[in-house]
Amino acid sequence: MEPVLIFTIILYLLSSVAHAGYFFSRKTEIYYIGLALLIAGFLCHLVITSYLFIATLKFPVHNLFQTLSFTGLAIVGVFFLFNYKFKLKILGLYTAPLASLLMLVAYQFPAEHMPMATQNISNNFLLTTHIIMVFLGNAAFAMACGIGISYLLQENAIKTKNHGFIFKRLPSLNLLDTAGQACVMAGFTLLTIGLITGSVYAKQVWGLFWSWDPKEVWSALAWLFYALLLHERFTVGWRGRKAAIMSIIGFIFLLFTFFGVNFLLKGHHGQFTRW
Amino acid sequence: MLEIMLLGINHKTAPVALRECVAFTDDETRTTLKNLSDTQAINELIIISTCNRLEFLFATDNPDLALDIIKKHIAVLKQPPETEFENSLYIHKTDEAVRHIFRVASSLDSMMVGEPQILGQIKQAYHIATNNNSSGVILNRLLHRTFFVAKRVRTETGIGDSAVSISYAAIELGRKIFGILEDKKVLLIGAGEMAELAVEHLIRNRVSNIFVANRTFERGAQLAKKYKGLAIRFEEISSYLKTSDIVISSTGSPGYVVNRKQVKSLMRKRRNRPLFFIDIAVPRDIDPAINHLANTYVYDIDDLSGVIDENLKDRAKKAVKGERIIDEAVIRFHKWHESLKVVPTIIALRKKMDEIAEAELKKTLHSLGHLSKDDARAIQRMTKALLSKIMHDPTRYLKSEGCFGDKSLYLDITRKLFNLDS
Numbered sequence: 001m002e003p004v005l006i007f008t009i010i011l012y013l014l015s016s017v018a019h020a021g022y023f024f025s026r027k028t029e030i031y032y033i034g035l036a037l038l039i040a041g042f043l044c045h046l047v048i049t050s051y052l053f054i055a056t057l058k059f060p061v062h063n064l065f066q067t068l069s070f071t072g073l074a075i076v077g078v079f080f081l082f083n084y085k086f087k088l089k090i091l092g093l094y095t096a097p098l099a100s101l102l103m104l105v106a107y108q109f110p111a112e113h114m115p116m117a118t119q120n121i122s123n124n125f126l127l128t129t130h131i132i133m134v135f136l137g138n139a140a141f142a143m144a145c146g147i148g149i150s151y152l153l154q155e156n157a158i159k160t161k162n163h164g165f166i167f168k169r170l171p172s173l174n175l176l177d178t179a180g181q182a183c184v185m186a187g188f189t190l191l192t193i194g195l196i197t198g199s200v201y202a203k204q205v206w207g208l209f210w211s212w213d214p215k216e217v218w219s220a221l222a223w224l225f226y227a228l229l230l231h232e233r234f235t236v237g238w239r240g241r242k243a244a245i246m247s248i249i250g251f252i253f254l255l256f257t258f259f260g261v262n263f264l265l266k267g268h269h270g271q272f273t274r275w
Numbered sequence: 276m277l278e279i280m281l282l283g284i285n286h287k288t289a290p291v292a293l294r295e296c297v298a299f300t301d302d303e304t305r306t307t308l309k310n311l312s313d314t315q316a317i318n319e320l321i322i323i324s325t326c327n328r329l330e331f332l333f334a335t336d337n338p339d340l341a342l343d344i345i346k347k348h349i350a351v352l353k354q355p356p357e358t359e360f361e362n363s364l365y366i367h368k369t370d371e372a373v374r375h376i377f378r379v380a381s382s383l384d385s386m387m388v389g390e391p392q393i394l395g396q397i398k399q400a401y402h403i404a405t406n407n408n409s410s411g412v413i414l415n416r417l418l419h420r421t422f423f424v425a426k427r428v429r430t431e432t433g434i435g436d437s438a439v440s441i442s443y444a445a446i447e448l449g450r451k452i453f454g455i456l457e458d459k460k461v462l463l464i465g466a467g468e469m470a471e472l473a474v475e476h477l478i479r480n481r482v483s484n485i486f487v488a489n490r491t492f493e494r495g496a497q498l499a500k501k502y503k504g505l506a507i508r509f510e511e512i513s514s515y516l517k518t519s520d521i522v523i524s525s526t527g528s529p530g531y532v533v534n535r536k537q538v539k540s541l542m543r544k545r546r547n548r549p550l551f552f553i554d555i556a557v558p559r560d561i562d563p564a565i566n567h568l569a570n571t572y573v574y575d576i577d578d579l580s581g582v583i584d585e586n587l588k589d590r591a592k593k594a595v596k597g598e599r600i601i602d603e604a605v606i607r608f609h610k611w612h613e614s615l616k617v618v619p620t621i622i623a624l625r626k627k628m629d630e631i632a633e634a635e636l637k638k639t640l641h642s643l644g645h646l647s648k649d650d651a652r653a654i655q656r657m658t659k660a661l662l663s664k665i666m667h668d669p670t671r672y673l674k675s676e677g678c679f680g681d682k683s684l685y686l687d688i689t690r691k692l693f694n695l696d697s
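Each protein sequence line maps, in turn, to chains A and B. For the record, in the first sequence the residue sitting at position 124 is 124 according to the numbering used here, with numbers rising by one throughout. The numbering used here runs 275 ahead of the 1-based position in the second sequence.
Since the hints were derived computationally from the structure, they do not count as laboratory data. Careful: at least some of the hints might be erroneous.
Using C-beta positions, here's what the derived DEER-type ranges look like [stated by the list, open to error]:
id: 1; chain 1: B; residue 1: 471; chain 2: A; residue 2: 196; range: 54 to 60 Å
id: 2; chain 1: B; residue 1: 471; chain 2: A; residue 2: 245; range: 55 to 61 Å
id: 3; chain 1: B; residue 1: 558; chain 2: A; residue 2: 156; range: 23 to 29 Å
Cβ atoms here follow ideal geometry from the backbone N, Cα and C, with glycine treated the same way.
Sequences are here, hints too, so could you generate the full structure?
If you want it as C-alpha cells, here you go:
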C-alpha cells in the first residue's frame with residue numbers, strides 16, 4: 001500500500017506545482033495538466049481508501065491516518081464537483097496543496113493500525129451516512145473558505161484600485177460570491193444530514209440522541225454559525241465581504257471542531273484521531 | 276518572380292488633414308482595384324484604408340513602374356498637396372513589406388498599440404480584394420499568414436487584454452465586479468460626452484436598462500431617446516439608485532451629487548447588491564468615502580487613468596514580445612516566397628523523384644538476387660530514363676515564359692501536388 005500512497009502524494013504535489021504554474025502563466029494547457037494530475041492522484045487515493053475499507057471492513061476513518069486521508073479525498077472530490085459547476089480554475093491552487101499537505105501529514109502515521117478496537121461501534125448504514133455526510137460537508141466548507149479568501153483578495157484589489165497580478169488572475173466578485181454561497185449551502189445541507197444521522201445512530205448505540213459530548217457541542221455550534229450566515233444572507237442580504245469573512249471564520253471553527261476537540265478535549269469521537 | 280511591395284502613409288508619417296484627403300471609400304477601393312489590376316505592372320493588389328492609414332500592398336515584377344502607376348493614380352484621384360504627399364510616403368520591399376503588414380495587423384503599428392479594430396479592417400480589405408479578383412497566390416498566402424500571425428501575437432502576448440481607454444477600463448472593472456454586464460441597469464447622472472461614450476460601450480455589452488438624470492430634463496430626454504433609455508428628474512436619483520447597478524456621473528456640480536449617508540441607507544434596501552460608481556466629473560460628483568462601504572465601488576477619473584497608464588506600460592512590454600513573433604513569421608514567409616522561384620522548385624521535384632526511384636530500386640533489386648550485374652544495371656538505366664522522360668514536360672513548362680502571366684500559381688501548385696514543402 002505504501003508505494004501507492006507515495007505515488008498519490010507525488011501526484012498531488014505535481015498537481016500543486018502545475019496549478020501554481022497556471023496561476024502565474026495563465027496558460028490553459030498547464031491548467032489541464034494540473035487537473036489531470038489531480039484526477040490521477042484522486043484515483044490512486046480512491047484505491048488506498050477502498051483497500052483500507054476492504055481490509056478492515058469498516059469505513060476507513062478509524063485512526064488519524066485514515067481520518068486525514070479521507071478528509072483529503074473528500075476535499076478533492078468536492079473540488080471536482082464545484083469546479084465543474086462554476087469553472088473556478090484558480091481554486092485548484094487551493095485544493096491541490098491542501099490535499100498534498102493532508103496526505104503528507106497523514107503519511108507520518110500508520111495506516112492500518114486500529115487503536116483500541118471499538119467494539120461498541122456497529123457498522124451500519126446510519127454510521128456510514130453520518131461519516132460521509134460530515135466529511136463531504138466539511139470539504140464543501142473548506143471550498144467555501146478558499147473561495148472566501150479569493151473574494152477578499154479580489155475585493156481588496158478592486159477597492160484599492162490595484163489592477164495588477166491578483167486583479168487579472170482572480171474571477172469576478174459576483175462569481176466568487178455565488179460559488180461561495182453554493183459551497184456554504186451544500187456544506188450546510190450535508191452537515192445537517194450528518195448531524196441528524198449521527199444522533200439517531202447515537203440513540204441506537206448509546207440510547208441517547210444527545211450526550212453533551214464536546215464534539216457534539218462544537219459541531220452544533222458550527223452548525224448554528226453557518227445557519228446564522230445563511231439566514232442573514234437570505235433575510236438582509238449578507239453577501240460579499242461579510243459572507244466571505246464568515247466563511248473563513250466558520251471553517252476555522254470547523255477545523256477546531258474536527259481536530260482541536262479530539263486532541264484537547266475528551267469524548268467519544270477521540271479514538272478516530274489516535275494513531 | 277513577383278516582388279512583394281508596400282506603399283503607404285499612416286498616422287506616424289502624415290497629419291490627419293493629409294490622411295483625410297487620401298482616404299479611400301469602399302467604392303473608390305473597388306474601382307481602383309479594377310483599374311490598377313488591368314495594368315500589366317501590378318499582378319496582385321490589396322488596398323487598406325482606415326482613418327489612420329492608407330496602404331497599397333501589391334505583387335509585381337516591375338516595382339518601379341508599379342510604384343509610379345499607384346502614385347499617379349492617387350494623385351489624380353485624390354489630388355493631395357504634392358510635396359507633402361510625396362514626403363509622407365513610405366515604401367517597403369519584400370521582407371520589409373511582409374514585416375510591415377504583419378505589424379499593422381498585429382496592431383503594433385497602431386496609434387493605440389494593441390487596439391483590436393485593425394485586424395477586422397484588414398480582413399475587410401482582403402475581402403474586397405478577393406471579390407474583385409485582385410489578390411493572387413502570393414497575397415492570398417501572405418494575408419492568411421498575416422491573420423494567423425496577428426492572432427498569435429494577440430493570444431500569446433495578451434497585448435489587447437487590458438483596457439487602455441476610460442470606457443474600456445470601466446467595462447473591464449464592471450466585468451470583474453458583476454461577472455457579466457448583461458441585464459445590469461445603468462444610471463447616468465449628467466449627460467456629457469464622456470458619459471455617452473461609456474454608455475455606447477455598455478450597450479455593446481447588452482446592459483438592460485439605462486436611466487438618464489440631467490439638470491435640464493430635455494437634454495437628458497434626448498440622450499435617453501438615443502439609447503432607448505428612460506429620462507428621469509434630477510430629484511429622482513435617490514429612488515433610481517435603489518435599482519441601478521452601475522452609476523456613471525459627469526455633472527458640472529461643484530459639490531457631491533451622491534453622498535455616503537445616502538448610499539449607506541440605500542445598501543440595506545438593495546439587500547447589499549453591489550453598486551459600481553464611475554465618476555468622470557471634475558470636481559467629483561460621488562463622495563469617495565462611498566468606496567469604503569461594503570459592496571460599493573467608486574472609481575473617479577484619476578483612478579481610471581491610473582489603471583490605463585499601468586496598462587499602457589504593460590502593452591509596451593508585450594509589444595516587444597510581439598515583434599519577436601513577427602520576426603519569426605517573416606523568416607518563414609521569406610522561405611516560402613523564395614521557394615516560388617523556378618529553379619529551386621525543379622530541383623526539389625527532381626530530388627524527390629530520385630529519392631523515390633532509389634528506394635524502390637533498392638527494394639526490387641534486393642529481392643531479385645538471381646539477376647546478373649548487367650541486368651541490374653539495365654534496370655537502373657531504365658528507371659533513370661523513365662524519370663527523365665516523366666520530368667521533361669513539367670520542367671519545360673515551368674521554365675517557359677508561357678505560364679499565362681502568373682508563374683507563381685503553377686509553382687505553388689507544383690509544390691503542393693508533390694508535397695515538396697513537408
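Do the hints match the structure? See the list:
no.: 1; hint: B:471 with A:196: 54 to 60 Å; verdict: holds, 59 Å
no.: 2; hint: B:471 with A:245: 55 to 61 Å; verdict: violated, 39 Å
no.: 3; hint: B:558 with A:156: 23 to 29 Å; verdict: holds, 28 Å
When the structure is compared with the earlier hints, a violation turns up for hint 2 alone.
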